[in-house]
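J.: Chains as they are written, first to last, in our numbering: chain A, 1 to 218; chain B, 219 to 445.
Just so you know, these hints were derived from the structure itself, not from any lab. You may find that some hints are simply not true.
[To be verified] Listing some non-contacts, in silico: residues in chain A with all C-beta distances to chain B over 10 Å:
| id | residue |
| --- | --- |
| 1 | Y39 |
| 2 | N64 |
| 3 | R151 |
| 4 | F164 |
| 5 | L211 |
[To be verified] Derived pair list, reagent style DSS-like, types lysine-lysine, alpha-carbon separation capped at 30 Å:
| id | chain 1 | residue 1 | chain 2 | residue 2 |
| --- | --- | --- | --- | --- |
| 6 | A | K12 | B | K354 |
| 7 | A | K192 | B | K280 |
| 8 | B | K280 | B | K354 |
| 9 | A | K86 | B | K280 |
| 10 | A | K180 | B | K328 |
| 11 | B | K328 | A | K48 |
| 12 | B | K354 | A | K86 |
| 13 | B | K221 | B | K354 |
| 14 | B | K328 | A | K176 |
| 15 | B | K221 | B | K280 |
Just so we're clear, the structure is a prediction, and the values are computed from it rather than from any experiment. Note that beta-carbon positions come from the ideal geometry of N, C-alpha and C, so glycine has one too.
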Amino acid sequence: MANSRLTTLIYKDLVLEWRQKHTFYGVLLYVGATVFLVYMMSGQPEAKIWNALFWITQLFIAVNSVAKSFLQEHPNRFRYYYTIVKPVHFLLAKMVYSTALMAAVSAIALALFNIMLGAPLVQLGLFIAVTAVGSISLAVIFTFLSAIAARAQNNAALIAILGFPLATPILMILSKLAVKAIVPVYQPGWWKLMLVLLALDILVIILGIILFPFLWQE
Amino acid sequence: MRKSWWKVACVVLVAYSIIGGLLMQVPRQHILNETIRNLYFHVPMWFTMILLFTGAFIYAIKYLRTGRLEYDINSVILTKVGIFFSLLGMVTGMEWARFTWGAAWSNDPKQLGTAICMLIYFAYLILRGGLSDEEKRAKISAVYNIFAFALMIPLIWVLPRMVDSLHPGNGGNPGFNAYDLDARMRAVFYPAVLGWFLLGLWISTLIIRIELIRFRKENDFILNSNK
Numbered sequence: 001m002a003n004s005r006l007t008t009l010i011y012k013d014l015v016l017e018w019r020q021k022h023t024f025y026g027v028l029l030y031v032g033a034t035v036f037l038v039y040m041m042s043g044q045p046e047a048k049i050w051n052a053l054f055w056i057t058q059l060f061i062a063v064n065s066v067a068k069s070f071l072q073e074h075p076n077r078f079r080y081y082y083t084i085v086k087p088v089h090f091l092l093a094k095m096v097y098s099t100a101l102m103a104a105v106s107a108i109a110l111a112l113f114n115i116m117l118g119a120p121l122v123q124l125g126l127f128i129a130v131t132a133v134g135s136i137s138l139a140v141i142f143t144f145l146s147a148i149a150a151r152a153q154n155n156a157a158l159i160a161i162l163g164f165p166l167a168t169p170i171l172m173i174l175s176k177l178a179v180k181a182i183v184p185v186y187q188p189g190w191w192k193l194m195l196v197l198l199a200l201d202i203l204v205i206i207l208g209i210i211l212f213p214f215l216w217q218e
Numbered sequence: 219m220r221k222s223w224w225k226v227a228c229v230v231l232v233a234y235s236i237i238g239g240l241l242m243q244v245p246r247q248h249i250l251n252e253t254i255r256n257l258y259f260h261v262p263m264w265f266t267m268i269l270l271f272t273g274a275f276i277y278a279i280k281y282l283r284t285g286r287l288e289y290d291i292n293s294v295i296l297t298k299v300g301i302f303f304s305l306l307g308m309v310t311g312m313e314w315a316r317f318t319w320g321a322a323w324s325n326d327p328k329q330l331g332t333a334i335c336m337l338i339y340f341a342y343l344i345l346r347g348g349l350s351d352e353e354k355r356a357k358i359s360a361v362y363n364i365f366a367f368a369l370m371i372p373l374i375w376v377l378p379r380m381v382d383s384l385h386p387g388n389g390g391n392p393g394f395n396a397y398d399l400d401a402r403m404r405a406v407f408y409p410a411v412l413g414w415f416l417l418g419l420w421i422s423t424l425i426i427r428i429e430l431i432r433f434r435k436e437n438d439f440i441l442n443s444n445k
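Looking at chain A on its own, in the form it has when it is part of the complex:
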C-alpha cells in the first residue's frame, strides 16, 4: 500500500514534468548555457580546474532544477495533498523524483563537459559513479531546502542562501572523490570518504523524514 502510494506520487511528478515540458527544456537550456559560459571563460582547462568547474556547475544545476520540486506547485495544492497522503511519502517521492531529474541533467552536463572542455577522465566509469552519488547528495539536500523555501513565502532566493553553506562540504568531498577518476594517484581512505558521504545522505533523508511533518502543518 505504502509502496503504491510512493510510486503514484513519483508518477504524478513525472506526468507533471511531461505536461510542463517547457520547464524541463528550460533546465536543459540552462545547463547548456552554463557549460558554454564556462567554456568561453576557461577554454579547455587542466584536469584539476576541470574537476572544480564541473562540481560548481553541478551546484548551480541543483539550485535551479531541484529547487523547483516544491516551488513549482501552487501552495494551495499542498493543502490538497495534505489531506490525502502522509508527509513522509510525499517527501520521499519528491526526493526520488529530484534524484532522477538531477541524475539525468548531470549526465547531460558531463557529456557537454567532455565535448567542450576536453576529456581528462582516466576512469570514466568511476567518475560516472561519483557523479551519481553526487546527484543523490545534492538532490536530497536541495529538495528539503526547497520544502523550507516553499513554506517561507515561496522565496526562491532563499534556496541559494540556505543551500550553499550546507552544500560546500559535500562538494569538497565529491571533488576529492572524483580526483581519483581524473589523476591516477594512490588515494588512501577513498572508501572511507565515500562511506562518510553516503552516511551524510542517509542522515539528510532521516532528518527530512523527522522534520518534514512539522513543515507541512499549517
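Mind docking chain B on chain A? Use the hints.
T.: Relative to chain A, chain B alone:
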C-alpha cells in the same frame, strides 16, 4: 541575589583566566613561543559557541514538540550569542595565525569549517528576517536550525580530520595533546573554558529575559483573555 552564585563564579573565573593567562608560566614550544597563551582565549570561544548552538538546537526541538513561542525566543537568542562568540573565536584565531602562520587566512580546513558554520547560521538569521508571521517563523527556523545543526556537527568534526592542517593538534604540529599534558596550562585552561561558557550563558539569559518580557507584554491580551 537569587541564584547568582554562578555569575560570581563566572566573573572570578574569567578574571582569573585573563590575569593567569597573561602572567603565569607557559611551556616553551618551538614556533608557538608566547602565542601559546592564545589557547586560553581562542579555544574557550569555540567551546562556548558549540555549547550555545547545542542549547539552541535543544530549544528548537522543544519548540517543535510543544509549540510554545518562549522556546523559540530561547533558541534564537542562544544562536545569536553563539554567532557573537564564533566571531570572537574567528578574530582571535586569525590574529594568532597572523603571527604564527604568517597570514590571517591560510586556507586551513579548521578555518574553512568555521567559515561554513558561520555562513549556515547567518543564513538562519536571514531566513528568520524574511518571515513576518511569528508562528511560521518559529516553526520554519526551528526546522532549519535542527537540520543545519545535525548536518554541521559531523562535518565540522569529520572534515578537518581528513585533510592535513597546520592547526595545532594536526599533522604533527604541537597541539592540544601536547599542552594537555602540562599541568600549568591545564590549571588556567579549564577554568577559562568554564568561565567563558558561563559568561555566554549570562549574556544569553539577560537578553532572553528582556525578550520574554517584551513577548509577554505584546501578548498580554491573549494571556488575559484566557483567564
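J.: If a hint holds in the structure, say so; if it doesn't, say that too.
T.: The hints, checked one at a time:
1. With a minimum CB-CB distance of about 27 Å to chain B, Y39 (chain A) clears the 10 Å threshold, and the non-interface call stands.
2. The Cβ of N64 (chain A) sits about 18 Å from the closest Cβ of chain B, beyond the 10 Å cut-off, so the non-interface label holds.
3. Against the 10 Å criterion, R151 (chain A) falls within the reach of chain B, whose nearest CB is about 6 Å from its own CB.
4. A beta-carbon of chain B is positioned within 10 Å of the beta-carbon of F164 (chain A); the least distance is around 7 Å.
5. With a closest Cβ-Cβ approach of about 5 Å to chain B, L211 (chain A) is found to fall inside the 10 Å limit, against its non-interface label.
6. Between K12 (chain A) and K354 (chain B) the alpha-carbon distance is near 28 Å, which keeps this suggested pair within the 30 Å criterion.
7. For the proposed pair K192 (chain A) and K280 (chain B), the alpha carbon gap of about 35 Å is over 30 Å, so the pair is violated.
8. In summary, the hint linking K280 (chain B) to K354 (chain B) is supported, as the alpha carbons are separated by about 16 Å, within the 30 Å threshold.
9. As the CA atoms of K86 (chain A) and K280 (chain B) are separated by approximately 23 Å, the hinted pair is consistent with the 30 Å bound.
10. For the hint pairing K180 (chain A) with K328 (chain B), the CA-to-CA distance comes to about 24 Å; that is within 30 Å, so the pair holds.
11. Restraint check for K328 (chain B) and K48 (chain A): satisfied, since their Cα atoms lie roughly 23 Å apart, inside the 30 Å limit.
12. Under the criterion of a C-alpha separation no larger than 30 Å, the hint pairing K354 (chain B) with K86 (chain A) is consistent with the structure, at around 21 Å.
13. Restraint check for K221 (chain B) and K354 (chain B): the C-alpha separation of about 35 Å exceeds 30 Å, so the hint is violated.
14. The hinted pair formed by K328 (chain B) and K176 (chain A) meets the criterion: a straight-line CA distance of about 17 Å does not exceed 30 Å.
15. A C-alpha spacing of about 24 Å is found between K221 (chain B) and K280 (chain B), which places the hinted pair at or below 30 Å, so the restraint holds.
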